[in-house]
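Chains as they are written, first to last, in this note's numbering: chain A, 1 to 333; chain B, 1 to 333.
In case anyone wonders, no lab produced these hints; they're calculated from the structure. Take these hints with a grain of salt, some might be off.
Because identical chains share one entry, a pair is satisfied inside a single copy or across any pair of copies.
Unchecked claim - Below are the EDC-like pairs computed for lysine to aspartate or glutamate, each with C-alpha atoms no more than 20 Å apart in a straight line:
no. : residue 1 : residue 2
1   : K2        : E237
2   : K228      : E140
3   : K2        : D85
4   : K228      : D313
5   : K228      : E176
6   : K228      : D85
7   : K226      : E129
8   : K311      : E129
9   : K226      : E289
10  : K228      : E318
11  : K228      : D325
12  : K92       : E166
13  : K92       : E283
14  : K2        : E227
15  : K2        : E173
16  : K2        : D210
17  : K228      : D40
18  : K226      : D210
19  : K226      : E237
Protein chains: 2
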Amino acid sequence: MKKLINAHDRVVADALRGVQAAHGDRLRVSFDPYMIVRADAPVSGKVGLISGGGSGHEPLHGGYVGRGMLDAACPGEVFTSPTPDQMLAATKAVDSGAGVVHIVKNYTGDVLNFEMAADLAGADGVQVETVLTNDDVAVEDSLYTAGRRGVGVTVLVEKIAGAAAEAGRSLQEVAEIGRRVNAQGRSMGMALTPCITPASGHPSFELGDDEVEIGIGIHGEPGRFKEKAGTAAQIAERLLTPIVEDLPFSSGDRVLAFVNGMGGTPLLELYIVYAEVARLAGEHGLRIERNLVGNYITSLEMQGCSITLLKLDDELLEYWDAPVDTPALRWGA
Amino acid sequence: MKKLINAHDRVVADALRGVQAAHGDRLRVSFDPYMIVRADAPVSGKVGLISGGGSGHEPLHGGYVGRGMLDAACPGEVFTSPTPDQMLAATKAVDSGAGVVHIVKNYTGDVLNFEMAADLAGADGVQVETVLTNDDVAVEDSLYTAGRRGVGVTVLVEKIAGAAAEAGRSLQEVAEIGRRVNAQGRSMGMALTPCITPASGHPSFELGDDEVEIGIGIHGEPGRFKEKAGTAAQIAERLLTPIVEDLPFSSGDRVLAFVNGMGGTPLLELYIVYAEVARLAGEHGLRIERNLVGNYITSLEMQGCSITLLKLDDELLEYWDAPVDTPALRWGA
Numbered sequence: 001m002k003k004l005i006n007a008h009d010r011v012v013a014d015a016l017r018g019v020q021a022a023h024g025d026r027l028r029v030s031f032d033p034y035m036i037v038r039a040d041a042p043v044s045g046k047v048g049l050i051s052g053g054g055s056g057h058e059p060l061h062g063g064y065v066g067r068g069m070l071d072a073a074c075p076g077e078v079f080t081s082p083t084p085d086q087m088l089a090a091t092k093a094v095d096s097g098a099g100v101v102h103i104v105k106n107y108t109g110d111v112l113n114f115e116m117a118a119d120l121a122g123a124d125g126v127q128v129e130t131v132l133t134n135d136d137v138a139v140e141d142s143l144y145t146a147g148r149r150g151v152g153v154t155v156l157v158e159k160i161a162g163a164a165a166e167a168g169r170s171l172q173e174v175a176e177i178g179r180r181v182n183a184q185g186r187s188m189g190m191a192l193t194p195c196i197t198p199a200s201g202h203p204s205f206e207l208g209d210d211e212v213e214i215g216i217g218i219h220g221e222p223g224r225f226k227e228k229a230g231t232a233a234q235i236a237e238r239l240l241t242p243i244v245e246d247l248p249f250s251s252g253d254r255v256l257a258f259v260n261g262m263g264g265t266p267l268l269e270l271y272i273v274y275a276e277v278a279r280l281a282g283e284h285g286l287r288i289e290r291n292l293v294g295n296y297i298t299s300l301e302m303q304g305c306s307i308t309l310l311k312l313d314d315e316l317l318e319y320w321d322a323p324v325d326t327p328a329l330r331w332g333a
Numbered sequence: 001m002k003k004l005i006n007a008h009d010r011v012v013a014d015a016l017r018g019v020q021a022a023h024g025d026r027l028r029v030s031f032d033p034y035m036i037v038r039a040d041a042p043v044s045g046k047v048g049l050i051s052g053g054g055s056g057h058e059p060l061h062g063g064y065v066g067r068g069m070l071d072a073a074c075p076g077e078v079f080t081s082p083t084p085d086q087m088l089a090a091t092k093a094v095d096s097g098a099g100v101v102h103i104v105k106n107y108t109g110d111v112l113n114f115e116m117a118a119d120l121a122g123a124d125g126v127q128v129e130t131v132l133t134n135d136d137v138a139v140e141d142s143l144y145t146a147g148r149r150g151v152g153v154t155v156l157v158e159k160i161a162g163a164a165a166e167a168g169r170s171l172q173e174v175a176e177i178g179r180r181v182n183a184q185g186r187s188m189g190m191a192l193t194p195c196i197t198p199a200s201g202h203p204s205f206e207l208g209d210d211e212v213e214i215g216i217g218i219h220g221e222p223g224r225f226k227e228k229a230g231t232a233a234q235i236a237e238r239l240l241t242p243i244v245e246d247l248p249f250s251s252g253d254r255v256l257a258f259v260n261g262m263g264g265t266p267l268l269e270l271y272i273v274y275a276e277v278a279r280l281a282g283e284h285g286l287r288i289e290r291n292l293v294g295n296y297i298t299s300l301e302m303q304g305c306s307i308t309l310l311k312l313d314d315e316l317l318e319y320w321d322a323p324v325d326t327p328a329l330r331w332g333a
């Protein structure tokens, strides 16, 4: 295992030092417990948004803290849920009295710990609403979940619900919009290579020299099946067909198409996949109105990609386009 | 070799289809010859900026076409110089009469072809100024260069000279500013793994399981030496010391610090490296006023990083902060 780290048990702490050094002008980094918080939090009158999860998926979630998106992120150790005390501290740090939305990817540890944090925050008088993401159509139950895994749509929930909160919408409204994004979004991913967690030092799964895994999770959890590596066109079709079948799209529907890199795949290849996604979406009669291509929810250095489609309506489109000012997603600001 | 491609001889054409599908609202993509051009080019009265080079370094250069940065990019095949006819077509496409700046990384093929294009454009009445980037302190001459290689500083030249052009500065002024950025910037890179070009199908060089290469180029050209993989702190010191020694920095100087990923390294690790760079820069008495952390000039799926330091002055800082609206770099717009 070769990695740009100092020690396998200091990976998250050292990366947070880097985040503090790079973005300390607009983010506050806490080391006990780990938190990345908007420097101006709590924002008066605004609903707070927090998320969190295991590290190793950067820029998710810490890269999305800032105006128009998250108020705070709670990083756990690599591929390990953060703890309830982190989530509680973040909840309190961002609550202006308007309440706090927890955006939670559907993994058992994350769900349990966020539930506990919500209960504790509630006992302290903070109103909390939870938005669960479970957009991965690959498998129903998996290694770390009951039900579907939360993957690419999480980025879109954070952006769109974040803009709704920034626009002054109420706790219930922000949560409803976040749930709508999750309900109208579907994802599926694949891997060309496994990833290696710093603590384990060995690949998370095995793939032959000519094999890919279809339906992979963002922690290297098993997917639907392995097969011989095909063309980008074949892979795009493998991922897009289950997505389209799962969410009843109608011809003429407007969508946001998101091609996400797993961390180790060149942008050049992601654009090749995007070309195929655009072609296939057109064949289904879908109108791609917005797109996102790049590494936004990753799995360390895994090579591969995921595809997310989100059905748009006027409101979601307006909030997607709204200004955002975070380390990893920035426009209009 | 496993890659998200359709065929090794269609990689660039297919990726350009993806760029067209994703960004066709603001970029024009030409397939004969390959060009990515601002949709509103030529911009009346504005100096045009073009760059180009082999593909495989994305988002460089095509990801930097847009308001406040490049007017056009000419992608060659992977790690292969574009041709003079591409550069000439791009030059003519962006010339509003105010002249065109060619930003050229110092590789023999790129330099010769851009020179020929400049001559041909001149014969057609287009004024061209060339800004050569040669910021890599690792080696003096190398596999593809006489003199130093152009690497990370190229991104900064494109941003800062692009802002100067957008602000209405003259051809000579824009070129002078670009040359100043190159003169005040230094870079050095390292690799944990080689990359594989689609055409060759095998790694560009060999590295042992516990080895890294210090001073590597962006095409996998040999660096200064191989050594046993050290910590992120040691690697940052290996790269930063030659940079600081080469450019006479004075204590108290203001700098932009840029930690760039080679394409296959997780953002988590780049922030760990950034923490070390910030610490070391502080020890040298440098004041980091701006930073950039991420994959901006890559080498396919190579794992590793490069560090660039740019000495800032008020003018460079103003143009760095100016709005930019491109697929890969976007703020204030």
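How the hints compare with the structure:
| no. | hint | in the structure |
| --- | --- | --- |
| 1 | K2 with E237 | between (34 Å within a copy, 17 Å between copies) |
| 2 | K228 with E140 | neither (24 Å within a copy, 44 Å between copies) |
| 3 | K2 with D85 | neither (33 Å within a copy, 42 Å between copies) |
| 4 | K228 with D313 | neither (38 Å within a copy, 54 Å between copies) |
| 5 | K228 with E176 | neither (42 Å within a copy, 53 Å between copies) |
| 6 | K228 with D85 | neither (45 Å within a copy, 40 Å between copies) |
| 7 | K226 with E129 | neither (38 Å within a copy, 53 Å between copies) |
| 8 | K311 with E129 | neither (23 Å within a copy, 47 Å between copies) |
| 9 | K226 with E289 | neither (33 Å within a copy, 48 Å between copies) |
| 10 | K228 with E318 | neither (41 Å within a copy, 52 Å between copies) |
| 11 | K228 with D325 | neither (41 Å within a copy, 40 Å between copies) |
| 12 | K92 with E166 | within (18 Å within a copy, 44 Å between copies) |
| 13 | K92 with E283 | neither (48 Å within a copy, 36 Å between copies) |
| 14 | K2 with E227 | between (28 Å within a copy, 12 Å between copies) |
| 15 | K2 with E173 | neither (46 Å within a copy, 45 Å between copies) |
| 16 | K2 with D210 | between (23 Å within a copy, 7 Å between copies) |
| 17 | K228 with D40 | neither (50 Å within a copy, 44 Å between copies) |
| 18 | K226 with D210 | within (10 Å within a copy, 30 Å between copies) |
| 19 | K226 with E237 | within (15 Å within a copy, 42 Å between copies) |
Consistency with the previously given hints fails for numbers 2, 3, 4, 5, 6, 7, 8, 9, 10, 11, 13, 15, 17, ordered from lowest to highest.
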